[in-house]
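**Q** For the record, the sequence lines run as chains L and Y.
Counted from 1, the first sequence has number 131 at position 131 by the numbering used here; the numbering is strictly sequential.
Counted from 1, the second sequence has number 1011 at position 11 by the numbering used here; the numbering is strictly sequential.
Hints listed in this document are in silico derivations from the structure and should not be mistaken for laboratory results.
Hints are not guaranteed to be accurate.
To be verified - DEER-style ranges, computed between Cβ atoms:
1) L/Ala49 <-> Y/Gly1307: 38 to 48 angstroms
2) Y/Arg1028 <-> L/Ala275: 29 to 39 angstroms
3) L/Asn195 <-> Y/Ala1049: 43 to 53 angstroms
4) Y/Asp1233 <-> L/Lys74: 47 to 57 angstroms
5) L/Pro237 <-> Y/Gln1279: 27 to 37 angstroms
6) Y/Pro1254 <-> L/Lys266: 16 to 26 angstroms
7) Y/Pro1140 <-> L/Pro297: 50 to 60 angstroms
8) L/Val240 <-> Y/Pro1287: 33 to 43 angstroms
Since we're looking at a predicted model, the values are computed, not measured.
Glycine is no exception: its CB is placed at the ideal position from the N, C-alpha and C atoms.
Number of protein chains: 2
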Amino acid sequence: MGQRYLVGVSGGVDSVALLRGLVGVGYRKLVVCHLNHRLRGRVSAGDAAFVKRLAVELGLEFESGVHDVVRLAKENGQSLETAGRAARHAFFAEVAGRRRCRRMMLAHHADDQAETVLMNLCRGSAGLAGMAAETVLNLPEPVPGGGSRTRGRLPLLLIRPLLAVPKKTLLAAATARGWKFREDASNASADFVRNRVRNEVLPLLEEIFRRDVRPALGRAADWAAGARAFLRDSAAPWTVQEKLPVREVLALSPALRREVLAGWLKARGVPDLSASVVQTAESMLNPADGPVKWNLPGNRFLRRRAGWLWVECVPACGAGPG
Amino acid sequence: MGQRYLVGVSGGVDSVALLRGLVGVGYRKLVVCHLNHRLRGRVSAGDAAFVKRLAVELGLEFESGVHDVVRLAKENGQSLETAGRAARHAFFAEVAGRRRCRRMMLAHHADDQAETVLMNLCRGSAGLAGMAAETVLNLPEPVPGGGSRTRGRLPLLLIRPLLAVPKKTLLAAATARGWKFREDASNASADFVRNRVRNEVLPLLEEIFRRDVRPALGRAADWAAGARAFLRDSAAPWTVQEKLPVREVLALSPALRREVLAGWLKARGVPDLSASVVQTAESMLNPADGPVKWNLPGNRFLRRRAGWLWVECVPACGAGPG
């Protein structure tokens, strides 16, 4: 509590509950950060004024920024979601740099988490994964007064203390304590896919399964995060090796074998690792059927000889042979 | 292919494609099994006649049964889904016993799998899990001619060779080859939750994410099955121990620690293992905070002393102290 934290505050019930909750348990060195996305016209300006008054009331420092996300999206040919994320990251980096503070609390809660789990699952890129309670964001560090110029990377630790708390609990706390917040601020998300998951998919699932399915989604993602960490840790002693012993890797449990191959190829500098690259590497372990040489992305190829598997480069690919 | 298999055939495109596909690649000793659930009135009788003709055409043996699932559900106060499953299992057991065949192929495909993954996830009981390509079903073995009397258990291996094949591939194969099948037979499912997931949830997700989300659901479940098997195998050396060494278990990766505790408690005969029981056992590992004795389900309790954790029974619970 003695440490200083940035706190992202939209003015909606989630972030108001986070901020007042932190103050209530004794946090004092908080910097209230509000980004006006300009998505809601005059209402957006009202949100910003509300958050500023809240910071003053609580005796906290205040930082605000304005990014016209609709204009940015048009200019850069991005979705509102992508432009919104870029705007937030630029704002975070600017504030973190100016305040020399590398820790930020965000108000993501269990309902947000369930939506993220479902979105990741349907997109197929991350498998079953939600947000982590803590993430390090590596932001391009802006040059002070240098406009959009940047220098180096600025690591910012994002902390989500409410990730296991359902939205209804936050709403009940705010109601019980008479905390004011901006209505609907949380629904002004530029993420239309998330809005549809929240407003259409989850209510439909709740109706069909006759229960709130969010806790189950959160638990499944927690299990997957634990299983993923265990697999990664178990694979670590293998991925550092220059050459892999074919027979020993073949004897591993299939899930660990795939984790080892993926981690090892990544550590050998192979870019754009897809499931099919890992699958082909796996097929090369089989001395009877698999090929003994195979092209990899990034001007590399995979070889098997005399019971070993290794990555070779075409000259000038930047890594020596295994 | 020399082995004999029972094959479940409803008459819909999935099971017709499975049966004709198996015959096409050389399987001959197949017993076509059709259960009339009596869910579709005269159409159900037509399905049964169609499947019988198909078996005759292919020169295969044929087994059929009739269970009035609506009546069974009413009599037993069950859902149609539960009554339907019980009827299928009774039919499977009867045929497997009479034919002395312990292997059965089923036509579940990748679309069924995606639905199952979503259903398990939303129900929260199984986490992220689909159907396995092979499952052993332990059925109550009927006494021949003994009505509903049973003797012992009959293990039946269920094999799902199409689990990675999308329904559209099966439909395309049937169309290309002019295979006849009964329209809509596959939609006569007594499982209303599954029907709603198929007809409402998956189309909504496809619209929102602008892609068929089924492959991603299947891949995530495959990953989870592999991770689960690796965790289970890694936990096995611990779960057979009568007493657990607290310090060593505390040092395990969190996911493995929970797997070890769950498997160990189960092996010690603790019934009704829930996540909260495992969580409490985990909290007892902490010498500073945790309690040293805690009541478990099934007249057991968990004790910690001198660096060890073990399960004790109240007298007559059927197991000796650890």
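**Q** Which of the stated hints cannot be reconciled with the structure, identified by number in ascending sequence?
**A** Checked against the structure, the only hint that fails is number 1, while the rest are satisfied.
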